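Number of protein chains: 2
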Amino acid sequence: MRKLIFLVFLIALGPVFGQNKDEKQIRAIYDTALLDAKGYDWLEYLSNQIGGRLSGSLNAEMAVNYTKKQLDSLGLDNVWLQPVMVPKWVRGTPEIAYIETSPGKTTNVPVCALGGSVATPATGIKAQVVEVQGLEDLEKLGREKVEGKIVFYNRPMQANLIQTFEAYGGCVDQRYSGAMEAGKYGAVGVIVRSMNLRLDDYPHAGAMSYGDMPESQRIPAAAISTNGAELLSGMLKLNPDIRFYLKQTCRQYEDVKSYNVIGEIKGSERPDEIMVVGGHLDSWDLGDGAHDDGAGCVQSMEVLRLLKKTGYKPKRTLRVVLFMNEENGLRGGNKYAEVARAKNEKHVFALESDAGGFTPRGFNLECNDSQYNLINSWKPLFEPYLIHLFRKGHSGADIRPLKENDIVLAGLMPDSQRYFDHHHAANDTFEHVNKRELQLGAATMASLVYLVDKYLK
Amino acid sequence: MRKLIFLVFLIALGPVFGQNKDEKQIRAIYDTALLDAKGYDWLEYLSNQIGGRLSGSLNAEMAVNYTKKQLDSLGLDNVWLQPVMVPKWVRGTPEIAYIETSPGKTTNVPVCALGGSVATPATGIKAQVVEVQGLEDLEKLGREKVEGKIVFYNRPMQANLIQTFEAYGGCVDQRYSGAMEAGKYGAVGVIVRSMNLRLDDYPHAGAMSYGDMPESQRIPAAAISTNGAELLSGMLKLNPDIRFYLKQTCRQYEDVKSYNVIGEIKGSERPDEIMVVGGHLDSWDLGDGAHDDGAGCVQSMEVLRLLKKTGYKPKRTLRVVLFMNEENGLRGGNKYAEVARAKNEKHVFALESDAGGFTPRGFNLECNDSQYNLINSWKPLFEPYLIHLFRKGHSGADIRPLKENDIVLAGLMPDSQRYFDHHHAANDTFEHVNKRELQLGAATMASLVYLVDKYLK
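Just so you know, the protein sequences line up as chains P and F, in that order.
Under this note's numbering, the first sequence is numbered contiguously, ending at residue 457.
Under this note's numbering, the second sequence is numbered contiguously, ending at residue 457.
These are computed hints drawn from the structure, not numbers from a lab.
These figures come from a predicted structure and were not determined experimentally.
Where hints are given, some of them may not hold.
As the list claims (entries may be wrong) - DSBU-like mimics (lysine-lysine), calculated; alpha carbons at most 30 Å apart, straight line:
#1 Lys24/P - Lys184/F
#2 Lys140/F - Lys126/F
#3 Lys68/P - Lys308/P
#4 Lys315/F - Lys379/F
#5 Lys343/F - Lys308/F
#6 Lys21/F - Lys343/F
#7 Lys38/P - Lys313/P
#8 Lys126/P - Lys140/P
#9 Lys379/P - Lys379/F
#10 Lys88/P - Lys68/P
#11 Lys392/F - Lys379/P
#12 Lys257/F - Lys379/F
#13 Lys454/F - Lys392/P
#14 Lys38/P - Lys454/P
#15 Lys308/P - Lys69/P
#16 Lys140/F - Lys184/F
#17 Lys308/F - Lys21/F
#18 Lys38/P - Lys105/P
#19 Lys392/P - Lys379/F
#20 Lys21/P - Lys346/P
#21 Lys21/F - Lys38/P
#22 Lys315/P - Lys403/P
#23 Lys21/P - Lys392/F
#24 Lys308/P - Lys266/P
#25 Lys184/F - Lys88/F
#26 Lys379/F - Lys24/P
#27 Lys88/F - Lys140/F
#28 Lys38/F - Lys237/F
#29 Lys24/F - Lys392/F
#30 Lys38/F - Lys237/P
#31 Lys379/P - Lys24/F
#32 Lys38/F - Lys21/F
#33 Lys24/F - Lys392/P
Using the sequences and the accompanying hints, generate a full structural model.
This is the structure we're talking about:
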């Protein structure tokens, strides 16, 4: 009887022992992240010593060299650069835009060329403006009301959506496809309201596309600050005949060679199964890219450092990948997946951080139901760290090309309320990243990697 | 049979219908808070047009008048001022402090007098420094090692605590009681490391007390910035004989008359049962008090506006109370409870917001188990708004004097990671409050008030 009781006791405590070990490992990860941080210092360098890292720029090259050197210093098993050809788009001299109410009577407004846009003629363009609330308005207006004009896309982000990424998703077609669509109706240029929930004076950059439109038909596209958009819209209501002037000198060059930066710890038991953690090293050029996505890069580097520092040796091979060119091409993400497939590498898990360095709230997961249920069962381990959200949803652009049967894709989900105040704008800068928030994100990622490594079948 | 099925159907849908109504009301509250915000504008005025609102100051008086006027404009049933005598402590001319390594060789460091401290002599004090890690070190050192010296309290906030208020609670005794304790050992002054998790140059003010120590024995107390504390500590390690100079001209005046600002909507069914929602109108003087606690005041005002605007008429009387003098006396909170008891008012619920205007995460609750279980059962209604935390814990200083049998006390719990970067310092300013985060907090409070009004027995 005694023996039986003892056995029951052991069985009952079994999962508790396991739990306790996990609790301790996770506690050690968070403690190290908060008491012995490294990610924040790396971000300081990337942001303040290097700055904006647009694909193909000198800064992007410096960031490749700097992060490789930092990974080299961590004592990983392998660190290497994976070559990838990337687009090189250059903004040129600062853009100029103004509203002209009558000849010579002008009001300057803050704009920036959208990434991938063509330049205006050297003397700029000046035309009447037609304001629309989205792509679908063009068909209603028809060619005669659009031809020869500048189309002004002014549908704002929907402020009552709690998750700001949803509000972004509901607007970004104007930026991405606005010029291509307006060009079909004979517009001479487009102005897009910045993807920003706040009213301020920052124009927000971002990628746009002409699809397969011939070069001769491409029209210039620029973002206008939200205050500028409000002003322009208000003035159009008073006088629909006002004109808008835009001058930008941006240019697309030939593709240039760049790199994904990769480091790995070889798995102790299943070295052929690969787990990836990453962010993208490139950024837009207006700010220093601290939130988008310097934060995700240094958090990903931290994951390997935190696991090493806390003495955890992954059973599977753990790779950090700093992807190049997420912003205007996704070449790095595509190249990484292409090479992985060519080498027949088996990827079981990939985690991306690309939603800012704010307080972590949970994860978006792309996986099957049984994988989801497994991950969701770890919720109690995360609750002491105020991590509550485990839901199905978009993981991350750079890891998405890895998607195939059985791989678990995850995206860190930080608090999103402030993100679009800074996203792609001149105020995406280091001082807006809080050290604790950044480091908590890194610890949250490292804890998920630890649990996946240990418990994923 | 048909009838029975229909009946079962009705019963089954009963709670769902109720749920749907609650879901709709709460959705309307959040929509209004985000699409038709008022709190953020009020905060802009309080912060930028008025500024820091230390009890007894002209600014505090202006804030009383401004908020009363705004409440008047909301069409409430009653708005009034509740007189309360408050302490009047004035900082005087900016403090001066430096470290002297040898005669004439000095390094200035940023300090501020702690609230309630006495001044130094007009020529300042200069003395050797003894660094301690807390009050308990004084006994170990004994009078001979303390007498005639400046005691430097340098125990930092514990960075690996996830909830920063816990880290604050673990340090603040140095600030509050440091001078009183050091005075007993013959110290001539105290310098306290700022309650700040970040390394920066802002000294953080805050209340201190001499207990019932005679005036003649009181010694001056100042906070030093965290960078200053690190520097001083480092220099002491190199040379324990360095001297510290401090000059401050602060002064405690006679108590002056001020006010709690109160507005109410009379309950439609149970007017004698009172629900309170509030924050404190006073602040420290170095910044503009936007987070502490301008945010809590305007969120509390918003609660009444949001319920009115969404057409909800409370069954119980709902009061907003903007308490005066939380920071250095709690006179407003005590006065409100005293008057309530004298008038035999029945308070069933009180909710305070005094932890910054950051993204809301949940509530701290002081209540009995059945009340807790009721409130916790509303969790699913809050989840779409990313509100997850319903736990027992400290509600709020101003509403605590109302504590007695059966009353439910609650404190809004925002994300706390950045709070102590700004708390009581010159950088507690409007630009560090995010409009969405502030308004989400107001909506979260209004939703809780709605559910309490509807479902609390």
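Quick rundown of the hints versus the structure:
| no. | hint | in the structure |
| --- | --- | --- |
| 1 | Lys24/P - Lys184/F | 43 Å, violated |
| 2 | Lys140/F - Lys126/F | 24 Å, holds |
| 3 | Lys68/P - Lys308/P | 18 Å, holds |
| 4 | Lys315/F - Lys379/F | 22 Å, holds |
| 5 | Lys343/F - Lys308/F | 27 Å, holds |
| 6 | Lys21/F - Lys343/F | 36 Å, violated |
| 7 | Lys38/P - Lys313/P | 20 Å, holds |
| 8 | Lys126/P - Lys140/P | 24 Å, holds |
| 9 | Lys379/P - Lys379/F | 16 Å, holds |
| 10 | Lys88/P - Lys68/P | 22 Å, holds |
| 11 | Lys392/F - Lys379/P | 20 Å, holds |
| 12 | Lys257/F - Lys379/F | 42 Å, violated |
| 13 | Lys454/F - Lys392/P | 34 Å, violated |
| 14 | Lys38/P - Lys454/P | 25 Å, holds |
| 15 | Lys308/P - Lys69/P | 17 Å, holds |
| 16 | Lys140/F - Lys184/F | 14 Å, holds |
| 17 | Lys308/F - Lys21/F | 17 Å, holds |
| 18 | Lys38/P - Lys105/P | 53 Å, violated |
| 19 | Lys392/P - Lys379/F | 20 Å, holds |
| 20 | Lys21/P - Lys346/P | 28 Å, holds |
| 21 | Lys21/F - Lys38/P | 49 Å, violated |
| 22 | Lys315/P - Lys403/P | 22 Å, holds |
| 23 | Lys21/P - Lys392/F | 27 Å, holds |
| 24 | Lys308/P - Lys266/P | 12 Å, holds |
| 25 | Lys184/F - Lys88/F | 26 Å, holds |
| 26 | Lys379/F - Lys24/P | 29 Å, holds |
| 27 | Lys88/F - Lys140/F | 36 Å, violated |
| 28 | Lys38/F - Lys237/F | 53 Å, violated |
| 29 | Lys24/F - Lys392/F | 28 Å, holds |
| 30 | Lys38/F - Lys237/P | 26 Å, holds |
| 31 | Lys379/P - Lys24/F | 29 Å, holds |
| 32 | Lys38/F - Lys21/F | 25 Å, holds |
| 33 | Lys24/F - Lys392/P | 25 Å, holds |
Hint violations for this structure: numbers 1, 6, 12, 13, 18, 21, 27 and 28, all remaining hints satisfied.
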